[in-house]
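There are 4 protein chains.
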Amino acid sequence: MVNPHFLSQLAHVELLSPKPEETVNYLKEVWGLEETTRRGQSVYLRAWGDYFHHSLKITEAAGPGLGHIGWRADSEGALQNVVQHLERTELGKGWIEGDLGHGKAYQFITPGGHLSEVFWDVEWYQAPEGKESVWKNRPQKQVRRGIGVRRLDHVTVLTDNTTVDRLFYQDLGIRYNEGIYSDFGDEIGAWMSVSNLSHDIAFINAGFKGGFHHVCFAVESREELLNAADTIREHGFEIESGPGKHAVAEGLNLYAIEPGGNRIELYAGAHLVFAPDWGPKKWKVSENPNDAWSSFNLFNPDGSLKYS
Amino acid sequence: MVNPHFLSQLAHVELLSPKPEETVNYLKEVWGLEETTRRGQSVYLRAWGDYFHHSLKITEAAGPGLGHIGWRADSEGALQNVVQHLERTELGKGWIEGDLGHGKAYQFITPGGHLSEVFWDVEWYQAPEGKESVWKNRPQKQVRRGIGVRRLDHVTVLTDNTTVDRLFYQDLGIRYNEGIYSDFGDEIGAWMSVSNLSHDIAFINAGFKGGFHHVCFAVESREELLNAADTIREHGFEIESGPGKHAVAEGLNLYAIEPGGNRIELYAGAHLVFAPDWGPKKWKVSENPNDAWSSFNLFNPDGSLKYS
Amino acid sequence: MVNPHFLSQLAHVELLSPKPEETVNYLKEVWGLEETTRRGQSVYLRAWGDYFHHSLKITEAAGPGLGHIGWRADSEGALQNVVQHLERTELGKGWIEGDLGHGKAYQFITPGGHLSEVFWDVEWYQAPEGKESVWKNRPQKQVRRGIGVRRLDHVTVLTDNTTVDRLFYQDLGIRYNEGIYSDFGDEIGAWMSVSNLSHDIAFINAGFKGGFHHVCFAVESREELLNAADTIREHGFEIESGPGKHAVAEGLNLYAIEPGGNRIELYAGAHLVFAPDWGPKKWKVSENPNDAWSSFNLFNPDGSLKYS
Amino acid sequence: MVNPHFLSQLAHVELLSPKPEETVNYLKEVWGLEETTRRGQSVYLRAWGDYFHHSLKITEAAGPGLGHIGWRADSEGALQNVVQHLERTELGKGWIEGDLGHGKAYQFITPGGHLSEVFWDVEWYQAPEGKESVWKNRPQKQVRRGIGVRRLDHVTVLTDNTTVDRLFYQDLGIRYNEGIYSDFGDEIGAWMSVSNLSHDIAFINAGFKGGFHHVCFAVESREELLNAADTIREHGFEIESGPGKHAVAEGLNLYAIEPGGNRIELYAGAHLVFAPDWGPKKWKVSENPNDAWSSFNLFNPDGSLKYS
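Residue numbers (our numbering), protein chains in the order written: chain A, 192 to 499; chain B, 192 to 499; chain C, 192 to 499; chain D, 192 to 499.
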């Protein structure tokens with residue numbers, strides 16, 4: 192048996208916002224995201240180091256939450272293979288023509304109820320005049336506005352059954368790197384990746400389907416993350432939690448809530464995983480996987496969160 | 192067509208040393224490498240974050256240089272596939288029983304004359320009592336001795352024909368991310384990866400086969416690399432060059448020569464590449480790919496090095 | 192009027208420990224302090240960048256707490272002047288012959304009940320063979336053992352009347368940089384300096400005299416402080432709080448309790464103050480002076496601490 | 192004898208520029224300086240953490256160079272004392288009414304021919320609406336435009352006789368921390384401070400009077416300095432040298448030439464000096480005081496520079 196390698200990366204996430212202008216302004220001014228374009232009720236954003244047309248799509252809606260998750264296939268052939276696989280699962284919805292920034296995509300709904308899609312053809316970001324980097328391996332000039340995040344890192348969603356979701360994604364070739372279990376053995380969370388990142392997607396059991404926890408962008412260094420905490424505060428906004436360090440994945444992190452109500456994480460310093468059989472590292476909640484440094488444990492022994 | 196994904200990571204490098212005791216002491220005391228074991232004329236080392244038995248093997252020899260390069264396959268099945276592929280190239284040497292730290296391996300000699308091997312079965316490092324990390328996703332406790340490098344990063348070799356080597360590795364599914372060309376169009380260097388690192392292996396045309404340039408270890412942050420420069424000097428050793436920043440791959444770097452005569456690089460902050468079709472980014476030597484910050488160009492316009 | 196400039200720096204702090212061997216081992220192995228010598232019931236320690244004989248003296252006692260605070264005068268003449276001044280306050284105790292590491296010292300007890308001394312003659316640390324730095328402006332080679340703190344930063348003590356202590360120290364020429372007041376106007380804390388540091392000494396009103404809160408050592412960068420948090424945990428010890436950032440003085444900080452029961456702070460990135468009339472910046476506790484990033488406020492509105 | 196403590200800090204530097212608009216734009220957009228106001232042929236700038244009206248004044252002139260150096264006295268009384276002292280030296284020029292940002296000042300010309308002034312009354316910077324920091328110990332909100340330097344650090348000038356200048360400044364109570372001497376014993380350079388910084392002013396013997404070498408601004412961390420190197424290059428400008436580390440004063444540094452022709456240094460991580468009698472640490476040029484890491488020595492054995 193060989194690993195399927197259907198997917199190459201998390202390409203974009205769509206978030207819903209009841210206050211899209213405020214959401215977009217916050218992400219551009221405070222987090223330093225760049226706007227590629229707008230169409231209809233959606234604004235297409237990316238971090239300066241993201242090389243596709245967009246990595247975040249903000250769409251107006253009645254409330255906050257996840258729109259969809261966009262995965263890029265590993266090749267044109269891999270796209271065909273993953274679609275065959277999805278069709279067999281009966282979770283496939285079918286092809287759409289695509290969106291701004293990518294070609295035809297195959298949509299599916301995961302067991303946990305998250306609308307997802309996979310595609311191969313992409314539009315590579317082309318920096319307009321004045322935004323070109325002096326170095327040809329950067330899609331555009333470094334952005335120093337606000338935090339100036341460098342790239343999309345991962346998305347974390349809420350589900351009603353982490354085990355079922357995790358098995359579905361493992362069948363898609365997404366590696367199960369780390370897991371959190373209640374002290375009674377219930378599976379609570381799963382950290383999974385298609386790349387060498389510590390995770391491209393994570394699941395947390397919240398007792399309901401289709402939930403969204405956060406989307407995460409990365410800066411290049413932990414020092415930048417500390418400065419970013421000042422930046423958020425100096426713009427007059429709150430930090431929800433952090434800077435702190437997760438034991439799982441080892442990322443220095445902070446969380447903030449954007450004006451539309453979605454949680455955004457900032458990340459630096461997580462480890463990389465190269466071996467396909469490295470995981471899963473399984474943590475009990477009593478081992479405090481959420482926090483490497485503090486003795487405060489976010490989890491109750493049964494895996495429920497002390498604060499929601 | 193789908194990408195073959197024969198390999199999952201650069202697993203280890205063997206270096207030859209005419210002064211193995213001095214080489215090993217230097218790497219342990221100054222760079223913070225850990226010794227796993229010794230057998231015959233060889234000492235097996237690893238960085239504290241490397242999760243296999245070893246990532247660097249030092250073997251006594253008449254002079255410095257490369258022993259071999261060890262790649263890990265992506266799975267047992269992928270090992271069979273890559274061996275079939277190598278047998279067709281007529282560059283395969285055949286199976287060996289393995290070495291300390293891994294099982295049977297298939298050896299081959301690249302067009303550029305570098306002995307290489309690929310294997311699947313590995314021995315995972317088990318920290319002895321007193322070296323266990325408090326966190327289960329670390330193979331051992333963080334090492335703070337000397338530089339305290341975290342993991343093997345990449346190996347760079349010298350060849351007589353970068354193009355031929357690069358094509359051979361591309362057939363192995365190793366992605367061609369960045370290339371350096373003389374101002375007259377000759378291919379000089381190639382930066383290639385099986386992982387999301389900027390490169391796992393690089394080639395530089397030096398006009399002869401089988402040459403070694405350096406092996407590189409990574410620290411977690413650029414700040415640690417700056418402190419490491421002090422550490423090397425405070426131990427009474429020289430820095431060959433750096434800290435500086437390469438434009439290619441964007442890594443902050445420094446080079447030092449170990450007492451046995453091999454060049455070792457220290458690295459932090461290089462970018463990651465996720466898309467299989469991101470590269471190649473092609474640089475002319477007149478664009479100073481070696482140095483992001485300085486106006487000093489290491490290369491002559493014909494691609495030869497000003498200093499060897 | 193000119194400023195008196197009686198003092199040039201906080202030179203050392205003496206702490207009491209009921210478990211002096213454990214205290215010293217912890218400070219040496221985890222924090223990287225260096226032992227200069229031992230005499231009687233005391234061990235003399237310093238950080239590698241501290242250029243005097245010692246900056247921390249650990250003395251065996253029935254319980255933890257402050258032994259004394261040692262200030263260095265600004266000159267031989269300034270020592271005479273400050274002693275004249277202290278004699279007028281009737282808080283002076285008189286001259287002692289000195290201690291290991293410094294010459295004759297004048298002792299005094301502050302209004303808050305903290306035994307203190309001032310001296311001019313000092314013994315400069317001389318690195319023994321093998322510990323000399325390659326650079327002549329370092330008192331010894333950089334230490335990379337454990338955290339490897341660089342220098343003593345400040346001491347914070349508990350008092351029954353911050354205002355009285357603050358005025359006493361202002362008369363000594365110690366500048367009042369920042370203050371914390373309850374929301375009802377009561378003076379709670381004072382941050383004061385003889386140097387350009389954000390503070391060399393701080394006072395917190397705890398309702399009793401002679402208390403000790405913490406002694407603080409500095410590392411060179413915030414990145415090192417983050418790594419230090421890992422180091423403490425990897426040695427099997429707890430972090431009491433942090434890493435976090437104080438709004439007052441702006442230092443990134445963490446606190447730990449050493450095995451003898453004294454609180455030790457680690458510090459990086461606090462601002463410098465150059466103008467003698469820069470302060471005082473006065474904070475209300477409702478402005479959360481203890482925490483720049485979190486919305487959690489350690490203080491109750493009346494200035495009492497939520498946790499002691 | 193007590194130290195005079197005439198001065199408390201280097202308050203501002205005036206530079207001349209033949210292209211003042213380009214100079215100011217570069218310093219604002221690339222280095223992140225803030226403009227306070229303009230008057231006549233001058234523009235008044237400051238870093239976001241500088242708490243006086245300005246720390247850098249750019250004045251139109253036929254060519255680049257130093258306008259004057261502004262020192263703040265330690266108190267109103269200290270101002271009287273230093274003026275008495277200067278009048279005795281016959282280098283005093285007399286009082287001027289002041290300038291934007293400060294009150295009456297006493298001018299003098301140093302032996303090396305640098306116009307200088309000392310004053311006590313200052314205008315403290317008041318952030319206009321929208322620029323106030325959320326923290327009361329910052330004069331304004333953190334600036335993230337370009338490099339976003341935090342504060343003025345020091346000025347370095349060229350002279351015809353370092354010894355004479357150094358003695359003049361020592362009489363002003365400026366401490367002699369570090370010195371560079373040719374291998375034949377000639378005094379080449381002097382690093383001196385009124386504060387705890389490694390130096391507020393430095394002198395290099397260039398064989399002529401009145402020369403200017405550079406003015407230096409500081410960022411909070413070495414990581415920020417590395418990012419700043421990218422920022423300068425991404426704005427399309429060159430770095431003259433660095434990032435590198437001086438052995439003298441230990442600062443990570445880079446140099447750039449602004450469009451008007453003046454050299455600007457960026458600095459992070461230099462050590463602090465607390466003891467008034469710490470120095471002088473005397474370096475021979477053969478000990479490579481300019482460069483802590485490289486084996487390349489900027490100086491010839493006679494103390495002349497290899498590059499001017």
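Careful, some of the hints might be misleading.
Put simply, identical chains are the same to the list, so a pair is met inside one copy or across any two.
Claimed, not checked - Lysine-lysine pairs mimicking DSS-like chemistry, simulated, CA-CA at most 30 Å apart:
hint : residue 1 : residue 2
1    : K472      : K497
2    : K295      : K400
3    : K400      : K322
4    : K497      : K322
5    : K473      : K284
6    : K332      : K400
7    : K210      : K475
8    : K219      : K327
9    : K219      : K322
10   : K327      : K473
11   : K473      : K497
12   : K219      : K497
No lab work stands behind these hints: they were computed from the structure.
Checked hints:
{"no.": "1", "hint": "K472 / K497", "result": "within (23 Å within a copy, 37 Å between copies)"}
{"no.": "2", "hint": "K295 / K400", "result": "within (27 Å within a copy, 46 Å between copies)"}
{"no.": "3", "hint": "K400 / K322", "result": "neither (41 Å within a copy, 42 Å between copies)"}
{"no.": "4", "hint": "K497 / K322", "result": "neither (45 Å within a copy, 33 Å between copies)"}
{"no.": "5", "hint": "K473 / K284", "result": "neither (33 Å within a copy, 40 Å between copies)"}
{"no.": "6", "hint": "K332 / K400", "result": "neither (40 Å within a copy, 38 Å between copies)"}
{"no.": "7", "hint": "K210 / K475", "result": "neither (38 Å within a copy, 34 Å between copies)"}
{"no.": "8", "hint": "K219 / K327", "result": "both (24 Å within a copy, 26 Å between copies)"}
{"no.": "9", "hint": "K219 / K322", "result": "both (15 Å within a copy, 18 Å between copies)"}
{"no.": "10", "hint": "K327 / K473", "result": "between (41 Å within a copy, 8 Å between copies)"}
{"no.": "11", "hint": "K473 / K497", "result": "within (21 Å within a copy, 35 Å between copies)"}
{"no.": "12", "hint": "K219 / K497", "result": "neither (32 Å within a copy, 37 Å between copies)"}
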